[in-house]
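From first to last, the protein sequence lines stand for chains A and B.
Just so we're aligned, residue 1 is where the first sequence starts under the working numbering, counting upward by one.
Just so we're aligned, residue 1 is where the second sequence starts under the working numbering, counting upward by one.
It is worth saying that the hints were derived from the structure and are not from the lab.
Note that the structure is predicted; figures quoted are calculated from it, not measured.
Using N, Cα and C, we set each Cβ at its ideal position, and we do this for glycine too.
Please note that a few of the clues may not be correct.
[Claimed, not checked] 27 Å max Cα-Cα, derived DSS-like pairs, lysine-lysine: (1) 11/B x 122/A; (2) 56/A x 138/B; (3) 56/A x 167/B; (4) 56/A x 122/A.
[Unchecked claim] Here are the simulated distance ranges between beta carbons: (5) 20/B x 110/A: 42 to 50 Å; (6) 44/A x 51/B: 18 to 26 Å; (7) 81/A x 104/B: 33 to 41 Å.
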Amino acid sequence: MLIQFVNPLNSSPLAFPILECIHIVGFAVSIGTIAIVDFRLLNLGLWRQTPAQLAKDTSLWTIFGLAIMIFSGLMLYSSDPDMYYLNWAFLLKMLFLVLAITFNYTIHRRVVASGASTGRTKLVACVSLLLWMCVVFGGIFIGFLNPTLDLNKV
Amino acid sequence: MLLAFAQFIQKTAFFTALRGSGYVYPAILSLHMVAIALFGGMILMTDMRLLGLSLRSYPVSEVIDQFRMPKRVGFLLIATCGILMACCKAEEYYYNDWFRLKLALLLLVALHAVIFRRSVYHRAAGLDPGSPLPAGAKLAASISLILWTSIACAGRGIGYIEPPLDKIHAQFFSAPVVAPPATVNAEYLH
Chain A
1 MLIQFVNPLN SSPLAFPILE CIHIVGFAVS IGTIAIVDFR LLNLGLWRQT PAQLAKDTSL
61 WTIFGLAIMI FSGLMLYSSD PDMYYLNWAF LLKMLFLVLA ITFNYTIHRR VVASGASTGR
121 TKLVACVSLL LWMCVVFGGI FIGFLNPTLD LNKV
Chain B
1 MLLAFAQFIQ KTAFFTALRG SGYVYPAILS LHMVAIALFG GMILMTDMRL LGLSLRSYPV
61 SEVIDQFRMP KRVGFLLIAT CGILMACCKA EEYYYNDWFR LKLALLLLVA LHAVIFRRSV
121 YHRAAGLDPG SPLPAGAKLA ASISLILWTS IACAGRGIGY IEPPLDKIHA QFFSAPVVAP
181 PATVNAEYLH
């Protein structure tokens, strides 16, 4: 059964760019606070407190940013799901997003809590930064791929 | 004068190549966004610390002093990528109102730094002992928050303005466009 549904986001040309702005602020807050903890793990600053205390200070901001980023992202996705589903940059981005979030709340969290400053700690910080970088790259490349859907072949 | 300069920049071999480079241009944009994610968070968290909303186990002075260098490096990276992209389409950007707004807001950021440098950012150590932060510091943080989020939004707006083709490709528009006679259209309709 087909459900007749018009996405209200597509009825205003302003909705998409405004959501994009919210998305950008959301990831600046979430990735930005995670990066601050990573820089602490790399011993680059904010030495007064342990990484665990620093992560505790920023954790609410990280979750808040993630929530805004994911919610606005879902709304952006809803504007044209077929296009996103067929876009390999989007699919890679989703893969890296799942990896980055999982990594952040498992291995990353454990290393932050342990507080040891070893080579392994620094490796974890670099992996975290790299995963989030890949997410951002994927997001930008979505808009620069040729449409995968060839209407003549459907 | 400025327009001529924009046209000159855009037509240089380097920026012509960059503009038609396929994936190099989006890679620069991606790097711009990565740097915003990594270092924009530091700006936001500095402001939130001044407002007493984040990093409260650190003195204000430590947050300001230790984020200063990374924020400068980050800004340099963001600005470099931004300038590269702007030069690729310098003529379009010259006409782009969002780009003009973004530049104006960046000027305001510079003004903000000059105004609050003495009272807030360079005497951060003096802000620590008194637990409630002075109103000036909170004002500085609030203005900074508004300015930087506006700059990010204005940046996103740049891509949504259609370039004025009649001005950019003026040579193609020099000959008056002759409209087909109405009768022809009417025939096609039947």
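Practice problem: Check the following: the C-beta atoms of residue 81/A and residue 104/B are separated by a distance inside 33 to 41 Å. | Solution: holds (37 Å)
Quiz item: Does the hinted range 42 to 50 Å hold for residue 20/B and residue 110/A at CB?
Solution: This hint holds: roughly 47 Å between Cβ atoms.
Quiz item: Are residue 56/A and residue 122/A close enough, with their CA atoms no more than 27 Å apart?
Solution: holds (19 Å)
Practice problem: Could you say whether the range 18 to 26 Å given as a hint is met by the Cβ separation of residue 44/A and residue 51/B? | Solution: Given about 24 Å between the Cβ atoms, the range holds.
Quiz item: residue 11/B and residue 122/A: Cα distance at most 27 Å?
Solution: violated (44 Å)
Quiz item: If you draw a straight line from the CA of residue 56/A to the CA of residue 138/B, is it 27 Å or shorter?
Solution: The given pair, whose Cα atoms are some 23 Å apart, holds under the 27 Å limit.
Quiz item: Within 27 Å, alpha carbon to alpha carbon, are residue 56/A and residue 167/B?
Solution: Violated, because 54 Å separates the two Cα atoms, which is more than 27 Å.
Going through the hint list in order, the structure does not satisfy hints 1, 3.
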